[in-house]
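*Asks:* As a plain string of letters, each chain reads:
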Amino acid sequence: MMVENFRFRDAVLAKRVVKKINKIALKEDNIKICHVCGTHEWTITHFGLRSLLPDNVEVIAGPGCPVCIVPASEIDEAIQLALKGVVITCFGDVLRVPGSKMSLLDAKAEGADIRVVYGIGDAVKMAEKNVDKEFVFFAIGFETTAPSTAIEVMKKPAENLSFLVSHRIIPPAMKLLVEMKDLSLNGFIAPGHVSTIIGVKPYRIFPELYHMPTVVTGFEPLDVLFGVYMILKQLNEGKPRLENEYIRAVREEGNVKARQLMRKVFEVVDGNWRGLGVIPSSAFKLREEYESFDAHLRYCLKAKEGVDIQPGCKCHLIIIGKIKPTECSLFMKACTPQKPVGPCMVSSEGTCHIWAKVSKVA
Amino acid sequence: MMAMCLAIPAKVVDVKGDSARVDFGEGVLREVNVALVDVEVGNYVLVHAGYAIEVISEEEAQETLRLWNEILEAAEA
Numbered sequence: 001m002m003v004e005n006f007r008f009r010d011a012v013l014a015k016r017v018v019k020k021i022n023k024i025a026l027k028e029d030n031i032k033i034c035h036v037c038g039t040h041e042w043t044i045t046h047f048g049l050r051s052l053l054p055d056n057v058e059v060i061a062g063p064g065c066p067v068c069i070v071p072a073s074e075i076d077e078a079i080q081l082a083l084k085g086v087v088i089t090c091f092g093d094v095l096r097v098p099g100s101k102m103s104l105l106d107a108k109a110e111g112a113d114i115r116v117v118y119g120i121g122d123a124v125k126m127a128e129k130n131v132d133k134e135f136v137f138f139a140i141g142f143e144t145t146a147p148s149t150a151i152e153v154m155k156k157p158a159e160n161l162s163f164l165v166s167h168r169i170i171p172p173a174m175k176l177l178v179e180m181k182d183l184s185l186n187g188f189i190a191p192g193h194v195s196t197i198i199g200v201k202p203y204r205i206f207p208e209l210y211h212m213p214t215v216v217t218g219f220e221p222l223d224v225l226f227g228v229y230m231i232l233k234q235l236n237e238g239k240p241r242l243e244n245e246y247i248r249a250v251r252e253e254g255n256v257k258a259r260q261l262m263r264k265v266f267e268v269v270d271g272n273w274r275g276l277g278v279i280p281s282s283a284f285k286l287r288e289e290y291e292s293f294d295a296h297l298r299y300c301l302k303a304k305e306g307v308d309i310q311p312g313c314k315c316h317l318i319i320i321g322k323i324k325p326t327e328c329s330l331f332m333k334a335c336t337p338q339k340p341v342g343p344c345m346v347s348s349e350g351t352c353h354i355w356a357k358v359s360k361v362a
Numbered sequence: 363m364m365a366m367c368l369a370i371p372a373k374v375v376d377v378k379g380d381s382a383r384v385d386f387g388e389g390v391l392r393e394v395n396v397a398l399v400d401v402e403v404g405n406y407v408l409v410h411a412g413y414a415i416e417v418i419s420e421e422e423a424q425e426t427l428r429l430w431n432e433i434l435e436a437a438e439a
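Line by line, the protein sequences give chains B and F. Residues 1 to 362, numbered by my numbering, are exactly what the first sequence covers, in order. Residues 363 to 439, numbered by my numbering, are exactly what the second sequence covers, in order.
These aren't lab readings, by the way, just hints derived from the structure by calculation. Each residue gets a CB set at the ideal place from its N, CA and C atoms; glycine is no exception. Errors might be hidden in some of the hints.
Unchecked claim - Listed next, the in silico DSSO-like pairs over lysine-lysine satisfying Cα-Cα at most 30 Å (straight line):
#, chain 1, residue 1, chain 2, residue 2
1, B, 201, F, 373
2, F, 373, B, 23
3, B, 257, F, 378
4, B, 32, B, 257
5, B, 125, F, 373
6, B, 156, F, 378
7, F, 373, B, 257
8, F, 378, B, 125
9, F, 378, B, 155
Unchecked claim - Label-pair restraints from in silico Cβ distances:
#, chain 1, residue 1, chain 2, residue 2, range
10, F, 403, B, 155, 22 to 28 Å
11, B, 307, F, 427, 46 to 52 Å
12, B, 205, F, 389, 42 to 48 Å
13, F, 419, B, 184, 26 to 32 Å
14, F, 370, B, 116, 15 to 21 Å
15, B, 27, F, 370, 23 to 29 Å
16, B, 29, F, 385, 44 to 50 Å
17, B, 205, F, 424, 27 to 33 Å
18, B, 323, F, 424, 39 to 45 Å
19, B, 32, F, 376, 44 to 50 Å
Unchecked claim - Derived, one-sided and incomplete: chain F residues facing chain B with beta-carbon distance under 8 Å:
#, residue
20, 377
21, 379
22, 415
23, 416
24, 429
25, 430
Let the sequences and hints guide you as you build the complete structure.
*Replies:* Here's what the structure looks like:
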């Protein structure tokens, strides 16, 4: 395809930027750069980009897997509904994520009607076609996904459809990471497609308040290498700022229509993130006007505290990049993509899953 | 790979209101929602979970290459 293939994987350019990275890194102490997107982790791991970076430059994966951070209590709620006979529609990745006692896949094995959809649009159509059944769409995902939920809620879908809204907002999680002093981060690779929606402004606090170089970055290997280089350059100049490397998909103001829709449909509330705890102003909830579509209210769901981390699982440390998957004693022993223990091994965007699928990443 | 924060470029083949048929390449056509973008036939859009989230253009792709070269040249100067 013209846009993504056209010289975006050019080896000569890659060599040039890697040379620059190595040269500029010589002047720095140890640098830790954090990204917060499962697709960035996939690019970095799949293309072996870490092996091209100098020893003193480390890129770690933050909580960028939307499936991994859904708390067990919210999976439990979906299971509760499914076992009551409500049809649960969800993204495929969330099926095997462990709840407190079982996953949605386990519930499906017990006879619950759980259907994987490509997007919320499929759930809307299914509900329209089967008016004698109750449907719930399990709306997970960051700001990239939340606008699609907003569109369908605004349209007031069929009465037999409601939504379990588990959307989360990324910048507050980045704030939590930067405030964890023992993580000692030096820069952020900001997520490309979240930024397509929210624009660049929400990241301003990172350079301005925390002196963190922050670069909105795309997903081709060259995008990531340039993102890393731009961060190193800012550190080298002692001028942390907000830059946009992914200009072909991210406008300064983001997608204005999408932002307006999200504001109309959702209010921002505190949200629990698996492995991270409650983060202030980091989740969306349906506004009062749309609360008849809120599955929590429709089915009187009351979230009990769930078991987020199973014994021995270190997903809570993986998710903030504190340890690498290979530093977890369960990795590829008791915990594999075929038999995952924690959410980071389940999702195709989970750090452990990505590392498991690609050899020689360490 | 089907990832939750990934958006894939596709070419708009026809548009009907908020719905468009797009080509993901090699003839893979899919219906997507285009309520979030202003598109015309022939545009490229970034599609996430069945919804187009942005229009991308050849010029902006070229602009990225120009930005990269500028960064490298500044560093080499």
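*Asks:* Of all the hints given earlier, name the ones this structure violates by number, lowest first.
*Replies:* 2, 4, 13, 15, 20, 21
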